[in-house]
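A.B. asks: Top to bottom, those sequences are chains A and B.
Residue numbering for the first sequence follows my numbering, starting at 7 and increasing by one per position.
Residue numbering for the second sequence follows my numbering, starting at 304 and increasing by one per position.
Worth flagging that the hints you see were computed from the coordinates, not collected in a lab.
Some clues are possibly wrong.
What the hints assert, rightly or not - With beta-carbon atoms standing in for the labels, derived distance ranges:
1) A/343 to B/311: 12 to 22 Å
2) A/343 to B/522: 28 to 38 Å
3) B/638 to A/258: 21 to 31 Å
4) B/349 to A/73: 53 to 63 Å
5) A/383 to B/613: 12 to 22 Å
6) B/601 to A/258: 16 to 26 Å
7) B/527 to A/14: 52 to 62 Å
8) A/381 to B/630: 36 to 46 Å
9) A/34 to B/653: 49 to 59 Å
10) A/260 to B/487: 54 to 64 Å
11) A/222 to B/424: 26 to 36 Å
12) A/390 to B/421: 50 to 60 Å
13) A/385 to B/653: 26 to 36 Å
14) B/417 to A/381: 51 to 61 Å
All C-beta atoms, glycine included, are put in the ideal place defined by N, C-alpha and C.
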Amino acid sequence: MNKVISISFGELALKGGNRKYFEASLAGDIRRAIGDIGYEKIYKDQGKLYIEADERDFPTIINRVRKIFGIAYVSECLRVDKDIDEIGRGSIDFMRDHRGARRTFKVRTKRSDKAYPMQSNDINMKIGGVILDGFPDMTVDVHEPEIMFYIDIKKEAYIYIDRVEGQGGLPIGTSGRGISLLSGGIDSPVASYLMAKRGMKIDAVHFHSYPFTSERAELKVIELAEILSRYIGKFKVYSVNLAEIQKAINKGANERYMTVLSRRFMMRIAERVALKRRAQCLITGESLGQVASQTIEGITASNAVSNLPVLRPLIAYDKTDIIEIAKDIETFEKSIEPYEDCCTVFLPKHPVTRPKLEDVEGEEAGLDVDFLVEEALKTIKIIDIG
Amino acid sequence: MIYLDNCATTRPRQEVAEALAKSIMEDFSNPSSLHSLGLRTEQRLKEVRKGLASILRVKEGEVYFTSGATESNNIALQGVIRKNLKRGGRIISSPIEHPSVKNVIAQYRDDIEVDYLTVNDKGEISLDEFKSLLKEDTFLVSIMHVNNELGTIYPVEEMGRIIRGTKTRAVFHVDGTQGFMKVSLNLKDIDLYSASSHKIYGPKGVGLLYKDSSVNFNPMTYGGSQEGAIRPGTENINGILAFGRAVRLMEERSKEEFEHVSLIKKALLEGILSKVDGVHVNSPENSSPYILSLSFKGIRGETLLHLLEGDEIYISTSSACSGGVSHVVEELGLDKDYSFGTVRLCFSHENSLKDVPYILEKFVKYVKELRDI
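Please work from the sequences and hints to get the whole structure.
C.D. replies: What follows is the structure, encoded as structure tokens:
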């Protein structure tokens, strides 16, 4: 009889043929997350992963594991021999340790081991009786019990009560690679997080325009990236200087097109980085109608220069909903610090809000696009995060 | 490296750094300890205090060590204001004080009337207006000696005489941060005076408050009896000794240094005015030779700053791209085209007249580059 931590998978329980691959990926993520703690073993028993470790490390392990994408629940449980009397003794012990002030309960048995001599219902009845005998102040409530008392019958039996909710999603790396356009704002870290949660391995491109922005603006992005890495693991930030491009646009095009033309250059550069990193898509934090460049016309104009799909997980989100996620993943406080990029130098007073693609292309015609992109790529600085 | 941000802070002199390094191992004992080690440190502390008192021409018991001018300003202003809260009354100050004065006064705006002196486009005030604002129930006048963004020197000696000659209970506080040991000042008619060590090539984290013995108030922080109990806590003895060293060196060299920085400021100003159009000089004619504030038309100060740092020339700006312009520059009433392009150059003994052509060349180059964008 000893305590272990159980990990239930989220959606990947449904992944059929790929299940083994997902499980292996997740086990790897877990090993990386708790490697420094010194657990004893991670093993699989019919559809769940289990961690054996020093009980004193349980809170730390649970707290770290619950942040890994692809996990639905994490629970502390008691592993006992499948003998029904053993389960009964274990149930008394576990109930005593974990019930707190709660008085009503219901036993729910899941019998994965179909060869087990008792049916699930019989086990529920039997253990319910044992608990009632052991705790005269407790009663059974089948509709709204304060305690759902779980018993999983597998190679061994597992008893648990409280389930800590995980993040859901899919294990990182199981959905390909993407390059996220990461600014110091609120939206792009949230977009990166959401795509990583869907199992995508993320790297990021950041655009600054030193000397029009301060070095502190870049440091802020690095700090944001460090917060993100708590969820998405190690990744790289490619920091690109856009100043020369912005100067060229300012000189060679109508200032009202500054923003949309800058966006087009960002997409081109991000795509080049993506090809180098063998990434399959770009990710932006755009949300429809949020600012002048995020109208459908603006998005059409920037989309037109990318051959890779551009994923926009926030496109239909309200700002308030984005902020809520940003607070939840703790990027919000950092995002609202000052030192935001002061591309304000180049911000037009009256930007075009509904640019026509042919007009945008017309404005761009006077610029040596390839040369400017190549020059900007030379300014890339690679920063390792996590 | 050409460091022109000496109003923000200065690099300690070699002798000061050595004194600090030596002291930190030797003078570690607590001056309040009864044993002979404590006594030795106490006496060293006393020597520094005595030296400072003699330079400031005040009594030894009127010099208090603090963590810097911000703390000195807080102790002085909050001490005087709290004492007068019940009785009420008025304060006179300027709208272009350092935040450690401005924000302290703002804390009490619901309880106390504040009369702000008007300033012209050079940050200067009028003594006539000051006289007219000074009332019988004015209990505090607080103004800086030298403005930290413009270099404007305020006529604080005269203001002190006016206060003394008027029927008022006003206590006179002068924030001396940018003027201390740099612009001469007689404290005779001043009651409270704040200064920092790190503006005169001393270490950070040390400063002083001069408090005339006739002025009394309660401390902001309660604790032991150190520093007359208005600044309790074990003294930053090593910092104070190094501060003392910085003051003595400044005393020896300040005349020569004043001439030195005056020449640099003059050469730079003349050079820029002759080579660059669209420059507004914010510092008045008779300003501190340590400080030069300029506004360049049509560019952003911060961008110029970043370009110059690429050549290891370090300046400061009063306007950040995102934050708009400082409250001081705001008060000058400059055109927006100019105010965003405000930069500040602050000089020290480390700058050299030989560097002026190089600095000029870079200014001319980058201002032109930025205007061409």
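A.B. asks: Decide, hint by hint, whether the structure agrees.
C.D. replies: Right, here's what the structure says about each hint:
Remark: the range hint 12 to 22 Å for residue 343 of chain A to residue 311 of chain B is upheld by a beta-carbon distance near 21 Å. At about 34 Å, the CB distance of residue 343 of chain A to residue 522 of chain B agrees with the hint of 28 to 38 Å. Checked against the given bound of 21 to 31 Å, the beta carbons of residue 638 of chain B and residue 258 of chain A, roughly 28 Å apart, stay inside it. At roughly 58 Å, the beta carbons of residue 349 of chain B and residue 73 of chain A sit within the given window of 53 to 63 Å.
The hinted range of 12 to 22 Å is satisfied by residue 383 of chain A and residue 613 of chain B, whose Cβ atoms lie roughly 21 Å apart. Residue 601 of chain B and residue 258 of chain A have their C-beta atoms about 19 Å apart, which keeps the hinted 16 to 26 Å range intact. For the hinted restraint 52 to 62 Å between residue 527 of chain B and residue 14 of chain A, the CB-CB distance of approximately 59 Å keeps it satisfied. At roughly 40 Å, the beta carbons of residue 381 of chain A and residue 630 of chain B sit within the given window of 36 to 46 Å.
As the Cβ distance of residue 34 of chain A to residue 653 of chain B is approximately 56 Å, the hint placing it in 49 to 59 Å holds. Checked against the given bound of 54 to 64 Å, the beta carbons of residue 260 of chain A and residue 487 of chain B, roughly 57 Å apart, stay inside it. Remark: the range hint 26 to 36 Å for residue 222 of chain A to residue 424 of chain B is upheld by a beta-carbon distance near 31 Å. Between residue 390 of chain A and residue 421 of chain B the Cβ separation comes to about 55 Å, which falls inside the hinted range of 50 to 60 Å.
Distance hint check for residue 385 of chain A and residue 653 of chain B: the Cβ-Cβ separation is about 33 Å, which falls inside the suggested range of 26 to 36 Å. Evaluation of the 51 to 61 Å hint for residue 417 of chain B and residue 381 of chain A yields a pass: the beta carbon distance comes to about 55 Å.
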